[in-house]
Amino acid sequence: MGGSRTGQVLLMLAGLIAWAVQFTAIYGVTSTLCGRGWADATLLGMEVVPMTILSATFVTLAATAVALVWSFRSYRQAKRQPVAIVDDFISHAAVLVNGLSIVVILWHGIPAFILPACA
Amino acid sequence: MSCALAVAGCSGVQSALDPAGGDAQRIYWLTVIMTVGGTLIFLLVTGLLLYAIFAAPERRAWLGGRRTIVVGGLAFPIVVLSVLLPYGLTVMRDTDVPTPGALPIEVVGEQYWWRVRYPAEQERGEFLTANELVVPVGRPVFVSVTSADVIHSFWIPNFGGKIDMIPGRINRLNFTAERPGIYRGVCAEFCGDQHARMAFDVIALEPEAFEAWRLEQVKPAREPDLPLLARGRELFRTGGCGSCHAVRGTEANGQFGPDLTHVGSRRTIGAGQFPNNIGTLAGWIANVQHIKPDARMPSYGSLTGEDLRALAGYLESLK
Amino acid sequence: MNAPELPRSFDPGERELPNPLPRPEGEFETLKRAWKPPRGLAFITAVNNTYVGLWYVGTAFLFFILAGILALIMRAQLASPENDLVSHGLYNQLFTMHGTVMMFLFAVPAVEAASVYLLPNMQAARDLPFPRLSAYAFWAYFVGGLVFFGTIFFGLSPDGGWFMYPPLTSTKYSPADNADWWLLGIGFIEISAIAGAIEIIVGVMKTRAVGMTLDKLPVYSWAMLVFAVMIVIGFPAIILGTLLLEMERAFDWPFFIAERGGDPLLWQHLFWFFGHPEVYIIFLPATGMVSMIVPTMAQTPLVGYRLVVLALIATGFLSFGLWVHHMFATGLPKMSLSFFSAASTAVAVPSGIQVFAWIATIASGRMKLTTPSLFVIGFLFIFTLGGLTGVMVAVAPFDWQAHDSYFVVAHLHYVLIGGMVFPLFAAFYYWVPAASKRALSERLGRWVFGLMFLGVNVTFLPMHVTGLIGMPRRVYTYPVGMGWDALNLVSTVGAFMIAAGVAVFLFDLARNFRFTSEDNAGNVWNASTLEWLPNGNYNTRSIPSITSRDPLWDQPNLSKDVEEGRYYLPGTVTGGREALVTSPFDARPQYILQVPGPGWQPVLAAFFTAAFFLLLTVKLVFPSVICGVLAVGCVIWWLWETDPGPVRPPADIGGGIVLPVYATGPVNHSWWAMIVLMVVSGMVFTCLLFSYLFLWLVNPGAWPPQGVRIPDWIWPSLAALLYCACGALIAVASRQLRGSDRRSPRSVPVLVGVALPLVCGASALDLWTQWESGLSPSAHAYGAAVYAITSLQVFFVLTSLTMGAYTIARWLAGRLDSVRRTTFDNTMLFWYYTIGQGLVGLLMVHGFPRLTGGL
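Residue numbers (my numbering), protein chains in the order written: chain A, 278 to 396; chain B, 4 to 322; chain C, 80 to 934.
These are calculated hints, taken from the structure and not from any lab test.
No experiment lies behind these values; they were computed from the predicted model shown.
Listing some non-contacts, in silico: residues in chain B with all C-beta distances to chain A over 10 Å:
hint : residue
1    : Gly68
2    : Glu124
3    : Asn174
4    : Pro210
5    : Glu211
6    : Gly252
7    : Phe259
8    : Ser268
9    : Thr271
10   : Ser305
With the C-beta cut set under 10 Å, the calculated list includes, among others, these residues of chain A facing chain C:
hint : residue
11   : Arg282
12   : Val286
13   : Leu290
14   : Ile294
15   : Ile303
16   : Gly305
17   : Thr307
18   : Ile330
19   : Asp365
20   : Phe366
21   : Ile367
22   : His369
23   : Leu392
24   : Ala394
Where is the CB? At the ideal position from N, CA and C, for every residue including glycine.
With the rest of the complex left out, here is chain A (with noise of 0.2 Å):
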């Protein structure tokens, strides 16, 4: 499943590339929003603003999730052949860096259940 070398590192940084994504989201609408007084826009019967958070960090989730849940197939496929030490390497740190990801975009998304959207 190892794929070429390009789609190994992408998969490998694919959480910290959602995060990324979910970040720009969540902060570029709140900010476009707050800062032009659009706050109190709804969208089907939700505000705006938190909906925005919550669906973005949803699809980034569950983006990670599976780029963890393969990164961790290749990293078992990996271990068992015997030479290639890089793909065991670059599938691992792909395990690794997706689980971590998947915290810190969780966290991203804490706020939209906490704080009021935009005062």
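For chain A, the structure is supplied; the task is to place chains B and C on it using the hints.
Coordinates of chains B and C only, in the frame set by chain A:
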């Protein structure tokens, strides 16, 4: 460090460790909790480090594996921070919250002083003052801040956090004074030459005393009742002071510098620099550029001693 | 593509040594001759990484001492309330310079310098891939840095704080040249840092010992790789920021002036998007050093290598989500602040991983309490404390109190001194034996450590309290009776203790440091990594093949075999300097890189570059332009000698591996460098687009402002068409230039020649369109933003123009053909980038206001 905090936690007019309002209190407890927690973690980490160095090899062997990293460096911080983060966010939610019926005050930061405006409320008229914030105990205060020139930051440690004063933006800060007393605020963002000398007094009064003060402030300036003071007023007029300073009830209506209508009632002059009396007022007028170099006001060193006394006396009489 | 095919069976370590003994007569002598630095005055043209690295480290350390002296003057001033040792004006210059010099002239250059010295040796490379670029980066920094520092003696130093917040630093409130010294002086030192970062990225990825696969890369190399990538991502923000502020100061383009639609907060975003990662940019290389020193001192491999690598990468990423925690008090919505709060707490996790990895390593071995060990222990102590206060200030409500108070001064010095200065001193004591005939004194070293460790704690521990009891930062004096007097006096005493420690260190250096590149003190610590192989100006006699992360421990006889020339490339196959280029993941040899030797070009180019910026600062525009032209001339002269082509057929480097001495396409080292440069450019442009959007956000209903007409669609479409056309021309030229027959068709210069006016036409057309519509750059931030995007494009077009003309000149000189085409490839990549940027710029400037409809 926690002991140091406790020792230093004695009363201070400009101290985050001597909270005099709800927000400051909340942040104070946050500080204490984090300091104690941080100290414990610090002791734990340095303890483990010293143990790793000095314990006998067979006794410290358990520490020398990947498990140490996973438990100490990964699991432990994740657990601690998963608790701290929501706690911090909750404190943030509960701090600096706008309350209906709060007393509005507008403060503009200027190089290197504070323009303070109390807008009209019901039958009470508006007025301007400077370098002094008087607030009633128990009633929430809503301060809107901005800047006339560069970025300043408005900070009264005893009442809570600071808020930047940014040209083109209006920020707000909410707090409630819960203990009468005299406190001190200060500019916390570097704003140029005399950033170090840009402070202000904060006086928390009982509600009745506050109302009384407010009624006094709305009134126009008091007429001089002594010849010396009348001479002072004349000097104020002829010296051109009115082109920068306003004294309500006279023709002086300059907007460039602090409003002096009730300057005599303030505790300090020079943005929280010197106690307010005839001597310091005279010294200030004659020597601004020596005692607060590069402040916007020029020194009026050419006034004779007599004139200076009259002028300072007049200002001092503007209670 | 000339990527060599390798035998499938290639597997280092399982074979016998690649080259037999005895080595041919004269092989070693030729190698030595090739790498000998020039003598006499020309010695300053040396480009060997050991010489340049050492000068670089020395200069950075000089700035540490100078900025430290500034700090001592400040501490003396603050020893008592209402002190008048220095005036407020001088004090403001002192703290601005202390911060600026420590950050820009000491910390970043010091870690970059150390890696110029260490990285090639640690990876058993002969040199960095672009030795002349390191020399250029060093000399530009040396000249520019010294002149910049010299301003303090003339009262011309910047005085708006190292963070340079407008409007305090704008023309209205800082009319004198002081602020320009910061903007231009620092702006170009950042360029020097980026040059170094490109070098480091390519160095780590492409020039390693054979078999040094990613999982065997020294942690230090990992740290430097992350460091360099962070510079590439983070520094463009500050480069753009300084550019915008300088344009505002020079031409009155109101990016930060609120009355005309600008916003001072834009600067803060740009500054801290660089400024916070900067802290980790300084910290990560230091942790890399610690991860090398700890295993040696404990005589055991690092525990948790993979976790440490994870920590480095995660820190690199997360540190870009922290910048607003410097802006917690600016009145942004709490929700926005909370994201940065979360990221700021998250970044504590990777630091925790590293700390516990070192503790575990120490526990699994037996720590010898040498001077480097002491500094590492001191680092762990101080940094842990600084890290914990870091978590405290990450909690926004606490930061509202602590921000801009002495608490933050304490925190940042704990983190930076603990996290960077102590590891650096550990590194000095640890690596001096690799550069000097004698090691430094262990006895004096203990004094240095003791004084510095006590001094740091005595100075900065009390400041936590000073801050919480209300003392703000950056005050030249403070009133009596605030309860700050005693604490400040203690801090002042501590500062002088640190100074005493540094003085003892200087004495130790003077007594024991004797530079050598041939007979160093050797592997005195019994370390495990390759920089301790016997070495000379050529670094190692032959390039080893390694099978372990700790080769000197796990591969017996490695030193002897390397020194005897039994490993790869024991001599020189072209007669000149060479390096072995390896593949980025598996470190398989790919080709032999002909490395340029000493020359005046980089030195002169650096002098003229520095002169260009410095003269511009003092508004001597004409001499400045002359120096700029001379600098470009020197760079072209320097480049002319590069891209030598395949000067000989593929050569045997031993073990049956035959490698070409020239390669093009994606295996080529300069292709990689070009890609990195494009990322840098792309980041500058992204930051500019962000600025544009930010200004839109703060200007509701005025984008464009009243009375501004957006030009007709037809003109930008035409410009886009021109861009696409010249892109197509370059693509065709590239096709024409293919084949292994070394053809050099006439169509190539013709196509490039036609593309030149097209690309110029496109950007000129857009500039003209805006001008014609009556848009003024100084009336409103809208115009400023539009012209900023357009002018940046003009700059890139002019650069493409120069590169295109240079490519044609190479063809005319017979130095460009279908094999020898690196020059063309680089031009092509840059050209594509310029076209892409131009198209995105057009879309933004003409499309966005239409899309939002003035909202």
